[in-house]
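Undergrad: With the hints as constraints, model all of the structure from the sequences given.
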Amino acid sequence: MFDVRKLQEQVIFEAVKAAGGEEAAEKIVFGDSGEAVSEDNAAWVKGTMARLEREFDRETVKRIRRSCQCGYGMDERIEFAKGLVASSSSMEEFAAGKGAKESGLSCVDGELYLQFPFCPCPMLADVDRLETDTWCQCTTGYSKVLFECAFGCEVDVELLKSVKMGDDVCLMKITPRGEVWKS
914 MFDVRKLQEQ VIFEAVKAAG GEEAAEKIVF GDSGEAVSED NAAWVKGTMA
964 RLEREFDRET VKRIRRSCQC GYGMDERIEF AKGLVASSSS MEEFAAGKGA
1014 KESGLSCVDG ELYLQFPFCP CPMLADVDRL ETDTWCQCTT GYSKVLFECA
1064 FGCEVDVELL KSVKMGDDVC LMKITPRGEV WKS
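So in my numbering, spot 147 of the sequence shown is number 1060, and the numbers just go up one at a time.
Hints listed in this document are in silico derivations from the structure and should not be mistaken for laboratory results. It should be emphasised that the depicted structure is a prediction, and the values quoted were computed from it without experimental measurement. The beta-carbon is built from N, C-alpha and C at its ideal position, and this holds for glycine as well. Misleading hints may appear alongside valid ones.
[Stated by the list, open to error] Cβ pair distances, simulated, as ranges: (1) 1071 x 1038: 18 to 26 Å; (2) 960 x 1019: 30 to 38 Å; (3) 1041 x 1094: 39 to 47 Å; (4) 939 x 1067: 30 to 38 Å; (5) 936 x 1086: 31 to 39 Å; (6) 972 x 1044: 17 to 25 Å.
[Claimed, not checked] In silico PhoX-like cross-links for lysine-lysine, where the CA-CA straight-line distance does not exceed 20 Å: (7) 940 x 959; (8) 940 x 975; (9) 1057 x 1074; (10) 1077 x 975; (11) 959 x 1077; (12) 1086 x 1074; (13) 1057 x 1014; (14) 975 x 1057; (15) 959 x 975; (16) 1074 x 975; (17) 1074 x 1014; (18) 930 x 940; (19) 1014 x 1086; (20) 930 x 919; (21) 995 x 1057; (22) 975 x 1086; (23) 1086 x 995.
TA: Put into structure tokens, the structure is as follows:
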């Protein structure tokens, strides 16, 4: 059976290890003396993010968390997004179709947005509220990979809202850094 907690422990460990070494990874993922191993998912998420935020500056934290995305269902989503790109000639068309709208895509003044009315992360199912958006940065990493594959160029993703931080939706702004549709 798929154990999302073990997966998250592994990806966070490797991302922190790459940024700050194995000792930092041990401390952040498992706690100062290993106490985090026995925490439930909600306590572990909050504790791990607090330890991560204490250890690294904000940009490093975001980079670490963006590399922690699980990739769940990525292949299907990439194919879907590539299909939308192929059947459109502008960002407005890309986000205008029924399937795009059902997927949470919208285009406002030429800017692409992706939103969810709920938190899609299984690790946060038992978390009532997060104090920071650190955990949620993994979804910006997921969206970055998805849209870079679909658009064929670098993409910036900015988290604007998070349900788990008290907002009404999760909302990201997706900004391609290159030309998506060739004239």
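Undergrad: Just to be careful, I want the Cα atoms of residue 959 and residue 975 compared with a cutoff of 20 Å; is the pair within it?
TA: 15 Å, holds
Undergrad: Does residue 959 lie within 20 Å of residue 940 when you go C-alpha to C-alpha?
TA: OK: residue 940 and residue 959 at ~14 Å, within 20 Å.
Undergrad: May I ask you to test the hint 39 to 47 Å on the CB atoms belonging to residue 1041 and residue 1094?
TA: Holds, at about 42 Å.
Undergrad: What's the verdict on residue 930 and residue 919, does the C-alpha distance respect the 20 Å limit or exceed it?
TA: 16 Å, holds
Undergrad: Hinted pair, alpha-carbon criterion (20 Å max): residue 940, residue 975. Please report holds or violated.
TA: The hint holds at about 18 Å.
Undergrad: Is the hinted pair residue 1014 and residue 1086 satisfied, with a Cα-Cα distance of at most 20 Å?
TA: Distance of about 15 Å is within 20 Å: holds.
Undergrad: Quickly compare the C-alpha distance for residue 975 and residue 1057 to 20 Å and report which way the hint goes.
TA: With a Cα-Cα distance of about 13 Å, the restraint between residue 975 and residue 1057 holds, given a limit of 20 Å.
Undergrad: Keeping to a limit of 20 Å between CA atoms, is the pair of residue 1057 and residue 1014 held or broken?
TA: Holds - the C-alpha atoms of residue 1014 and residue 1057 are around 19 Å apart, at most 20 Å.
Undergrad: Could you grab the alpha-carbon distance between residue 1077 and residue 975 and see if it respects the 20 Å cut-off?
TA: 17 Å, holds
Undergrad: Would you check the hint for residue 1086 and residue 995, treating anything up to 20 Å between C-alpha atoms as holding?
TA: Within the cut-off at roughly 18 Å; holds.
Undergrad: Between the beta carbons of residue 960 and residue 1019, is the distance compatible with 30 to 38 Å?
TA: 35 Å, holds
Undergrad: Against the range 30 to 38 Å, how does the distance between the Cβ atoms of residue 939 and residue 1067 compare: consistent or not?
TA: 33 Å, holds
When held up to the earlier numbered hints, the structure conflicts with none and fits them all.
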